[in-house]
Amino acid sequence: MTMQVLAVDDSRTMRDMVRLALTAEGIEAHVAEDGIHGLEVLEEIAPPDAIITDINMPRMDGFGFIDAVRAKEEFRSVPILVLTTESAADMKDRAREAGATGWIVKPFDPAKLVKALRMVAG
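In terms of the numbering used here, the numbers along the sequence shown are unbroken and rise by one, the last being 122.
Quick caveat, the hints were computed from the structure, so don't treat them as lab data. These figures come from a predicted structure and were not determined experimentally. Hints may contain errors.
Straight-line Cα separation of at most 25 angstroms, SDA-like style, residue types lysine to any residue; simulated pairs [unchecked claim]:
1) K106 - G122
2) K92 - E33
3) K115 - T2
4) K115 - S11
5) K115 - S87
6) K112 - A98
7) K72 - G102
8) K112 - T101
9) K72 - M91
10) K72 - D10
From just these sequences and the hints, can you work out the full model?
Below is the structure:
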């Protein structure tokens, strides 16, 4: 079965890079441009195997998005990886408290991203 991943990032370049990294590994990638769009995409697809989200985004940031995802019963167990330029410990703690599974700092290594996804979603 093909792994499905939702990637939420306000940067078109980042969304394209993530999509390329995932599709090259046979992973089905769905993308959204902010937290609100991410929630809309989640309603349209079956629960994904994993979610990747940025933190700093307009309309709804990554923390709000993680909170909203975790508030929905069907998405409670979906692993969420934060992919961001932020590396501060307090940001990581806040993301973990919101329900994030892991943290990857940009710029990312595509192979490491895919490996992390397979670890958390496997």
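We went through each hint and held it up to the structure:
Annotation: proposed proximity of K106 to G122 holds, straight-line Cα distance about 23 angstroms (limit 25 angstroms). Of the supplied pair hints, the one linking K92 and E33 holds, its CA atoms being roughly 21 angstroms apart against a limit of 25 angstroms. Annotation: proposed proximity of K115 to T2 holds, straight-line Cα distance about 15 angstroms (limit 25 angstroms). Among the hinted pairs, K115 with S11 is consistent with the structure: their alpha-carbon atoms are about 22 angstroms apart, no more than 25 angstroms.
With a C-alpha separation of about 20 angstroms, the suggested pairing of K115 with S87 holds against the 25 angstroms cut-off. Simply put, K112 and A98 have alpha-carbon atoms about 23 angstroms apart, close enough for the 25 angstroms limit, and the pair holds. For the hint pairing K72 with G102, the CA-to-CA distance comes to about 19 angstroms; that is within 25 angstroms, so the pair holds. Our distance criterion of 25 angstroms between C-alpha atoms is met by K112 and T101, whose separation comes to about 15 angstroms.
At most 25 angstroms may separate the alpha-carbon atoms for a hinted pair to count; K72 and M91 meet this at roughly 23 angstroms. Taking the CA atoms of K72 and D10, the gap is about 23 angstroms. The hint holds against a cut of 25 angstroms.
This entry satisfies every hint, going by the numbered hints stated previously.
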